[in-house]
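Novice: Here is how the chains run, residue by residue.
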Amino acid sequence: MTDVVSNSTQASAGTVAPAMAAQDKLSSARLSMAKKMLLPTQLLLVFIVAFPLIMQVYISLTWWTPLDGTPWYMAYLSWSWFDNYRELFLDDALWGAIWRTVLFVLIAVPIQFFFGLFLASLFYEGIAGKPVLYSLILMPMMIVPAVAGYIFFLIFQQTGPLNAIISLFYEDAFSVNWLNDVNRAFIAVIVADVWQWTPLMFLILFAGLMSVPEDQMRAATILGANWRQRFFRIALPRIKAVIVIALALRIIECFKIFDMLFVMTRGGPGVATESLSLYLYKQTFQSLEWSYVAAIGITVLIVLSVITGVLIAKAGKAARKQVEEA
Amino acid sequence: MSSITLTNTTKKFGEFTAVRDMNLSIKNGEFVAILGPSGCGKTTTMNMIAGIEDASQGTIHFDDRDMTHTSMQKRGVGFVFQNYAIFTHMSVRKNLAFGLEIQGLAKPEVDRRVKEMAEFMALSHRLDQQSSSLSVNEMQKLAIGRSAIVEPSIFLLDEPLSNLDAAFRERMRLELRELQRKLGQTMIYVTHDQIEAMGLADRIAVMNHAVLQQFDTPENIYAKPANVFVARFIGAPSMNILRAHIARDGRKVSAQLGGLEADTIPLDNRLASLALQSGKQELLFGFRPETMRLADRKSAKTFAAEVSLVETVGRRRIGHFQSGLSTFVGTFARRIPLKAGEVVNIELDLDTCHFFDPDTELRLIEPEVETENG
Chain A
0 MTDVVSNSTQ ASAGTVAPAM AAQDKLSSAR LSMAKKMLLP TQLLLVFIVA FPLIMQVYIS
60 LTWWTPLDGT PWYMAYLSWS WFDNYRELFL DDALWGAIWR TVLFVLIAVP IQFFFGLFLA
120 SLFYEGIAGK PVLYSLILMP MMIVPAVAGY IFFLIFQQTG PLNAIISLFY EDAFSVNWLN
180 DVNRAFIAVI VADVWQWTPL MFLILFAGLM SVPEDQMRAA TILGANWRQR FFRIALPRIK
240 AVIVIALALR IIECFKIFDM LFVMTRGGPG VATESLSLYL YKQTFQSLEW SYVAAIGITV
300 LIVLSVITGV LIAKAGKAAR KQVEEA
Chain B
0 MSSITLTNTT KKFGEFTAVR DMNLSIKNGE FVAILGPSGC GKTTTMNMIA GIEDASQGTI
60 HFDDRDMTHT SMQKRGVGFV FQNYAIFTHM SVRKNLAFGL EIQGLAKPEV DRRVKEMAEF
120 MALSHRLDQQ SSSLSVNEMQ KLAIGRSAIV EPSIFLLDEP LSNLDAAFRE RMRLELRELQ
180 RKLGQTMIYV THDQIEAMGL ADRIAVMNHA VLQQFDTPEN IYAKPANVFV ARFIGAPSMN
240 ILRAHIARDG RKVSAQLGGL EADTIPLDNR LASLALQSGK QELLFGFRPE TMRLADRKSA
300 KTFAAEVSLV ETVGRRRIGH FQSGLSTFVG TFARRIPLKA GEVVNIELDL DTCHFFDPDT
360 ELRLIEPEVE TENG
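Chains as they are written, first to last, in numbering that gives the first Met the number 0: chain A, 0 to 325; chain B, 0 to 373.
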């Protein structure tokens with residue numbers, strides 16, 4: 000440091016050009032100093048992020064399982080190249096789980112979106128009892144998913160409150176076993192997920208609607224636009240970026256769904272509600288085929304990265320456009 | 000085309016009264032400016048006419064239709080917002096077409112009228128561009144065009160020129176007048192700029208502290224201000240309003256600014272009778288800076304004042320004077336010599352001078368000769 004300082008003082012006595020050179024030297028010295036000081040943290044970060052990933056890739060290229068009795072770093076003993084990846088393409092149970100997860104996302108997220116949008120538009124127009132309703136609506140979101148799963152596990156019991164309520168409208172007692180039927184169990188977990196995550200959709204979309212300039216809505220009203228026309232022509236196009244972000248968030252989250260399903264159905268009956276995460280969990284702790292699980296994990300990571308990458312790029316584009324417009 | 004009548008219209012926001020007991024009757028096809036300082040209630044008045052705000056009390060009629068409780072969607076007024084409220088996520092064309100599409104007009108008709116309006120507003124070359132790419136001046140034109148295209152019978156403009164640069168403002172003022180002549184609408188224009196109001200409007204409604212002060216033609220607002228506020232608010236530099244003691248000496252009545260004979264303003268018959276009728280000893284005497292004249296020598300019509308400061312602004316010379324206990328301002332042509340420190344003889348054009356009651360601040364008026372509506 001000392002020579003840097005003396006350099007710059009010498010330079011200030013000289014002409015402009017050397018002074019600038021000294022400045023450059025000074026700043027580059029600072030930069031390299033900064034780099035050195037940041038290096039330990041960066042190394043730590045690289046280790047934290049990269050190590051598990053590299054380890055997964057490594058294991059996924061072998062047949063290693065903890066049952067082998069060899070430590071994971073010796074996995075090369077059962078090196079298998081891409082056999083695991085080849086196998087996962089032929090694994091019907093895996094594809095079944097993926098299909099169910101996709102179906103789950105395709106049903107649950109749009110329902111959450113439309114409910115959320117509907118609630119947000121109600122709040123935007125202003126309804127009575129706003130503050131109370133606001134807290135009520137947001138409450139499900141704050142409940143731990145496993146607890147929410149437990150709540151719905153109880154609600155959907157054969158002797159649970161849902162059947163009791165429906166029975167009030169029937170002559171006979173209504174006693175459907177929701178969670179033991181392939182289709183009904185799927186409906187039940189979707190209901191639970193919608194209940195828990197519509198509030199988040201609502202929150203994001205409502206925030207988006209609040210950012211629509213009031214004067215533009217008024218201008219549209221004065222030009223004769225009714226509620227529906229204002230909503231679809233002014234508000235909705237203006238919150239495009241927000242919608243993309245909300246959908247991306249929910250799709251990613253929903254794709255990873257685990258805890259709620261684990262509590263409510265453990266993936267059952269059979270595999271009717273077995274999501275990708277549940278399948279991975281079962282493979283890990285029941286079959287103990289860790290190298291295979293690693294291969295699936297890596298594949299899912301790649302696929303999800305591509306999908307979210309596209310979505311985020313799209314959202315970014317929409318957001319930039321909106322900024323330009325504003 | 001509609002007339003607009005506000006009857007005892009009041010707007011309260013909680014405890015705060017934004018507009019108090021407004022009575023305003025705007026004729027069909029008239030161009031009216033609502034003029035006043037910030038926070039005087041002029042925008043609230045306009046918002047009530049547009050239906051953006053509900054009147055707390057009183058009624059609003061368009062022609063003889065009671066619109067007091069009609070929603071803004073159904074009032075059929077055109078409204079240009081101060082910040083233009085352009086739909087920036089749409090093209091210029093879509094913006095212009097918005098109102099027509101809402102009305103459900105056929106596409107060829109929409110296209111024809113959009114083209115027409117774009118030509119009138121000189122926006123044709125911009126039609127297919129994103130409206131967010133327009134300059135402020137173009138946005139302003141687009142905002143006016145978007146409202147005008149549906150041919151509303153009433154057109155409201157909220158300080159539409161305040162964001163523009165000076166040169167464009169001048170041109171836009173002319174275009175607005177042109178637009179109003181072409182469409183023949185009733186137009187209300189909110190502004191705090193008296194030059195805009197004086198230059199554009201058929202009649203001006205001057206507001207202050209939520210109350211309508213005067214509603215009259217620009218000439219009358221200038222020549223016959225209803226009260227001290229209007230007198231001071233209109234004209235630049237504003238009217239001199241001096242505290243004067245009314246002295247009577249036989250048949251001669253004069254207004255004393257101080258105790259000396261030199262700073263006593265001699266009054267003519269009109270002013271003398273006004274002063275005597277009021278029965279008050281102290282009155283406010285008002286005269287405009289531009290009605291002052293420097294007399295060559297002392298006479299029965301002059302009074303003396305000392306020049307305290309001289310400013311030269313363009314072709315005008317503004318003199319600050321001191322006489323008796325009062326200070327006042329006069330404007331002169333630049334060729335008139337004025338030097339600080341000298342004492343000059345001032346002659347006023349007494350026909351344009353006014354007395355105001357010091358308690359009510361209202362202008363004293365001759366009962367028979369003049370009729371006031373404000």
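Check the hints yourself; a few may be wrong.
[Claimed, not checked] So the derived label-pair ranges between C-beta atoms look like this: (1) B:D192 / A:S304: 54 to 62 Å; (2) B:H208 / A:K129: 51 to 59 Å; (3) B:T69 / A:L135: 29 to 37 Å.
[To be verified] Under the rule of at most 30 Å between Cα atoms (straight-line distance), these lysine-lysine pairs were calculated in the DSS-like manner: (4) B:K223 / B:K251; (5) B:K11 / B:K73; (6) B:K11 / A:K129; (7) B:K114 / B:K11; (8) B:K251 / B:K181; (9) B:K73 / A:K129; (10) B:K26 / B:K93; (11) A:K239 / B:K251; (12) A:K320 / B:K26; (13) B:K73 / A:K239; (14) B:K26 / B:K279; (15) B:K73 / A:K316; (16) A:K320 / B:K181; (17) B:K223 / B:K73; (18) B:K26 / A:K239.
[As the list claims (entries may be wrong)] Partner residues are not named here, just some residues of chain B that face chain A (Cβ under 7 Å, in silico): (19) F15; (20) A84; (21) F86; (22) H88.
Honestly, the hints are just simulated from the structure, not real lab data. Since this is a predicted model, take the numbers as computed values, not measurements. In this text, a Cβ means the ideal position worked out from N, Cα and C, and glycines have one as well.
Novice: State for each hint whether it applies.
Specialist: Going through the hints against the structure:
1. Taken as a hint, the range 54 to 62 Å holds for the pair D192 of chain B and S304 of chain A, whose Cβ atoms sit roughly 58 Å apart.
2. The supplied range of 51 to 59 Å is broken by H208 of chain B and K129 of chain A, whose beta-carbon atoms lie about 34 Å from each other.
3. The supplied range of 29 to 37 Å is met by T69 of chain B and L135 of chain A, whose beta-carbon atoms lie about 35 Å from each other.
4. Between K223 of chain B and K251 of chain B, the direct Cα distance comes to roughly 25 Å. Compliance with the 30 Å bound is thereby established for this hinted pair.
5. A C-alpha spacing of about 23 Å is found between K11 of chain B and K73 of chain B, which places the hinted pair at or below 30 Å, so the restraint holds.
6. Taking the CA atoms of K11 of chain B and K129 of chain A, the gap is about 23 Å. The hint holds against a cut of 30 Å.
7. Restraint check for K114 of chain B and K11 of chain B: not satisfied, since their Cα atoms lie roughly 43 Å apart, outside the 30 Å limit.
8. Taken as a hint, the K251 of chain B and K181 of chain B pair is broken in the structure, with Cα atoms around 55 Å apart against an allowance of 30 Å.
9. Simply put, K73 of chain B and K129 of chain A have alpha-carbon atoms about 27 Å apart, close enough for the 30 Å limit, and the pair holds.
10. Between the alpha carbons of K26 of chain B and K93 of chain B the distance comes to roughly 33 Å, so the proposed pair goes past 30 Å and is violated.
11. The hinted pair formed by K239 of chain A and K251 of chain B fails the criterion: a straight-line CA distance of about 80 Å is larger than 30 Å.
12. About 45 Å separates the Cα atoms of K320 of chain A and K26 of chain B, which puts this hinted pair outside 30 Å; it is violated.
13. Between K73 of chain B and K239 of chain A the alpha-carbon distance is near 29 Å, which keeps this suggested pair within the 30 Å criterion.
14. Restraint check for K26 of chain B and K279 of chain B: not satisfied, since their Cα atoms lie roughly 39 Å apart, outside the 30 Å limit.
15. For the given pair, K73 of chain B sits about 37 Å from K316 of chain A by alpha-carbon distance, which is inconsistent with the 30 Å threshold.
16. At most 30 Å may separate the alpha-carbon atoms for a hinted pair to count; K320 of chain A and K181 of chain B exceed this at roughly 38 Å.
17. The straight-line distance between the Cα atoms of K223 of chain B and K73 of chain B is roughly 39 Å, outside the 30 Å bound, and the hint therefore fails.
18. Taking the CA atoms of K26 of chain B and K239 of chain A, the gap is near 45 Å; set against the 30 Å cutoff, the hint is violated.
19. A hinted interface residue such as F15 of chain B counts as satisfied when its beta carbon comes closer than 7 Å to some beta carbon of chain A; here the least separation is about 20 Å, so the hint is violated.
20. Hint on A84 of chain B holds. Least Cβ distance to chain A is approximately 4 Å, under the 7 Å limit.
21. Checking F86 of chain B against chain A: minimum C-beta separation of about 6 Å stays under 7 Å; hint holds.
22. Against a cut-off of 7 Å between C-beta atoms, the interface hint on H88 of chain B holds, since the closest Cβ of chain A lies about 5 Å away.
Consistency note: the structure conflicts with the earlier hints numbered 2, 7, 8, 10, 11, 12, 14, 15, 16, 17, 18 and 19.
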